[in-house]
Amino acid sequence: MLSTGTPALDDALAEALAQPVREPVWRLLVDLARDGRFAHPWSDVTSLATDITVDRAITGDLPEGTTLTEGYASASLTASLEGRFSDGTSIVDAVASKAGNPSWVGVSLRYDLGLRTRLGPVLLRQFTGIIRTTSMRASSGSVDITAADGAEQLRAGITLPSISLDGLQQAKYGDSGYRYWMNSQWIIDYVLRANGILTAAAPMPGCVLTISGHGSLVSEVGFGGQPIGTTDTYTGPLWTSGPDGMLAPNGGDGIPTYTSRYTAAGMTPVRGGAGFGMALWVYHGAGAPLGGGVSTSRVVEVVPGGNQIFSLVLQPNGGIAISTVPGGTGLFTVCPITLDATVRWRQIAAHIAFTGTGGGVSGFTVTWNVDGQIATSSTNRAMVSGGEYPSALVNLYVARPLSGVQVWVLPTAPAPDAWPKLPATPPGDIDPGLNQLTYFPAITGRDSWELIKEVAQAEFGVPGFNESGRFSFLNRDTLTSRRSAPPTATLTADQLAEVTATTSMDSVRNDVSITAASAYTRNPKVLIESTDPLSYVFAAGTLERRVLALPEGSSGLVGLFGSFNNGSVVRVASSAWNDTVLTGYACVRADQPATEVTSNVSIVVRRLTATSAQASFSNTNTFPIQLTTNDATPRPAFRLSGAVVTPDPPLTDILTDDTSIATYRRRSLDLGSGPWRQRLDPFRALAQTLLAELARPSTVYDRIPLPGDPRRTLTDTVTVTYPATVTASIIGITRRLSTTDGLVDELTVRPQHP
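Residue numbering for the sequence shown follows this note's numbering, starting at 1 and increasing by one per position.
Be careful, since some hints might not be right.
So the derived label-pair ranges between C-beta atoms look like this [what the hints assert, rightly or not]:
1) His40 / Ile374: 40 to 48 Å
2) Asp253 / Thr500: 57 to 65 Å
3) Thr500 / Pro551: 53 to 61 Å
4) Thr542 / Asp340: 26 to 34 Å
5) Ser612 / Asp579: 36 to 44 Å
Calculated directly from the structure, the hints in this document are not laboratory data. Built from N, CA and C at the ideal position, the CB exists for glycine as well.
Start from the sequences, fold in the hints, and give me the full structure.
Shown next as C-alpha cells:
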C-alpha cells in the first residue's frame with residue numbers, strides 16, 4: 001500500500017476515503033522544458049484534465065488460474081484534456097506542431113492523486129512516465145495523450161560479454177569446490193547501466209576497467225571475470241550485501257582467496273607525466289582475517305607491461321600499500337592512513353602519478369583516498385618506461401568482500417570530490433536473483449526491456465517501475481513475503497455482487513518438468529588460422545602489428561604451455577607441423593622457402609577485447625620471412641587457439657503430485673529450458689512451489705469494480721469474502737478519475753489457496 005511517509009497525512013487520507021462523500025484532488029504535470037523542473041507555462045495541465053486512467057498490471061505466462069504472482073509489471077496512462085491555459089492558449093494550439101511550440105511526445109509526465117482531507121489535499125504519486133502519443137479531436141477541441149512507464153527508457157541494444165565459468169577448474173574441484181555461479185542480478189544491473197541507470201559509482205574519466213561485483217566478477221568495462229581457485233571446505237555463501245545494497249563477492253574468514261583476470265580497455269602508461277588510478281570498496285578493518293589465513297594480500301593488481309606490476313595491498317594491522325615490482329624486485333609504498341579495527345565497508349583508492357623527464361620514470365607519487373581522507377606518499381625509484389601492453393592486464397584477488405572496482409588513466413590525481421562515489425540515492429530496488437548461471441548466452445543487440453523480462457521470467461521474478469518511476473526487481477522470496485502480508489482491505493459480498501467467480505480445472509497442472517543446460521569454458525580449439533601461404537609475410541628488420549578478430553564465446557587464448565591472454569607464440573618445427581598443433585607457428589625465408597628460420601623471430605599476442613587481439617610480428621633478420629612450412633609446397637603455418645564456451649548436455653527433472661493426478665488425470669506443465677535456465681538446483685524448489693499451487697483448481701475472478709483508493713498498488717493483498725473467504729494478491733488495477741463519474745478502481749486479483 002502506498003504511503004505519504006507521514007503518519008498524520010496517511011491517517012487523514014484513510015479517514016477521507018472512508019467517508020460516503022469524497023472529493024478527489026489531482027495534479028498532472030508534463031515536463032515540456034525537458035529540464036526536470038516541470039516549470040514551463042504549459043506544464044501544469046491539471047485544470048484541463050477531464051478523464052485520467054492508469055492501467056497497471058503484472059503480466060505472466062502461467063495458466064490463468066495459478067495463484068502465483070509472476071511476470072512483469074507495466075503501466076500506462078491515458079488522459080483527455082480540453083480548455084485553455086491561463087495565457088489563453090487552447091490545449092489544441094499548445095499541442096499542435098507549430099513554430100515555437102515545444103514537442104509533447106517524449107517528454108516526462110507525472111500524475112498525483114488523492115483526496116481533500118481535514119488536513120487539506122493529500123496526494124500520492126500514481127504514475128511517472130513518458131508521453132508516447134498525442135491525438136487532437138477537432139470536433140470537441142480536446143486532446144488525448146497516452147504515456148508509458150519507465151520501461152520506455154530501457155531501449156538500448158544490449159550485447160552481453162562472452163564469458164563462462166572455467167570448465168577446467170570445475171572439472172578439477174567439482175561443484176562442491178568450484179561453485180562461483182553467477183547471479184542473474186548482474187544481468188539486470190548491466191542492462192540498467194547501459195541505459196544510464198547506475199547502481200554503482202559512475203566510471204571515472206579515462207576508465208579502462210570496472211567490476212561492480214553485482215552478482216558476478218565479470219567486468220562491465222574491459223574483458224574478463226572467470227573465477228580461479230577453489231572454495232575448498234567452505235560451504236557458506238559466496239555473495240554478500242555490498243555497500244550499494246547490491247550483491248558483492250564474499251571473501252576472507254574461511255573462504256580461500258580466489259582470483260579473476262582481466263584485460264583492460266586500454267593501456268596504463270608508465271612514463272614521466274603519466275598516471276593511473278585504482279579504487280574499490282572493501283569490507284575490512286584492522287585484524288579482520290584475510291582469505292586463506294594470510295597476513296598480507298593483494299586485492300587489485302595492474303600489469304601495464306611485462307616488466308611492471310603495481311598492486312594495491314592489504315597489510316597487517318590495517319595497513320595499506322602499493323607494491324611495485326619492476327624488474328622482479330618488490331617495493332612497498334605505504335599509505336599514511338591506516339584502518340581501525342571496525343569491520344565495515346570502506347573505500348580504498350590510489351592514484352599513481354609518475355615523475356621524470358623525456359618520458360623516463362624517476363619515481364612516482366601516490367595520492368590516497370581512504371573513506372574520504374586524502375594523503376600522499378612518494379617514492380624515488382627509476383623504472384623502465386615504455387613497452388606497455390596495448391591493453392593492460394588486471395588481476396583481482398578476493399581476500400575480503402569487494403565491490404565497485406575501477407581502474408582509470410589520468411595524468412593527475414582526481415580532485416577531492418571527483419573520486420568514485422556511490423549514488424546518493426540508489427536508483428532502484430533490485431533483489432538478488434535466485435538463478436545460478438554458468439555462462440552468459442550469446443546476446444547481441446537485444447532490446448533492454450525485453451532482455452530484463454526474459455531474465456526475470458526464467459526464475460518467475462517480477463521486474464517493473466513503480467508509481468514514482470523507480471525500477472524494481474522482485475524475486476520469488478520477496479513476492480512470497482508480500483503474499484503473506486496482512487490484507488490491506490476486505491472486499492464484501494455487496495462489493496462482489498456483480499462479479500463472476502469461476503473455478504475450472506483448466507488451470508490444474510500436476511506434472512511439472514524443468515530442463516537446464518549449463519556451459520563452461522573448455523575444449524580448446526583453433527580460433528585463428530592462416531589459410532594462405534602469403535598472408536603472413538614480413539620484411540627484414542620490421543615490427544608489424546595486426547588486429548585479429550576472435551569469435552564470440554572465446555574467453556581465453558591457449559598456448560602450448562597453458563592459458564594466456566598476453567604472451568608469446570611458440571615456434572614449431574616444420575617437420576612437427578600437423579593437425580594436432582593448436583597454437584604456434586613455423587617460419588621460413590620468404591626468398592628461400594625451403595630454408596627454415598629458427599631465430600630472430602617473435603610473435604606476441606595481446607588480448608584487446610572480447611572479440612579482438614593484437615599480434616606483434618617481429619623479424620630482426622636481414623631477410624624477409626613467411627609463416628609457412630618448408631615443404632616443397634609450403635603449408636600455411638600460423639594458429640591461435642582458445643578456450644570456448646562449450647554447452648553441456650541438458651538435464652531434465654519432473655515433479656508430480658500423485659493425488660492430483662488420480663483426481664484430475666495427468667495435466668503437464670513444461671517449464672522448458674531456455675538460455676537462462678542453466679542449473680537444475682535453483683529451479684527444483686521453484687517447480688515444487690508451482691506444483692503445490694497448480695495441483696488443484698483455483699477460483700478466477702472477473703475484474704472487480706470498487707471505489708477508487710489511491711493507496712492501493714500491485715502485490716497488495718486483499719480479503720475476498722465470496723464465494724469463500726480467501727486472501728488474494730492484486731495483479732492488475734485500472735484506476736479512472738473522471739469529472740463526471742468520480743474515482744473508480746477495477747481490480748484483477750489472484751487468490752491464494754487457503
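Any of the earlier hints contradicted here, and which numbers?
Numbers 4, 5, in rising order.
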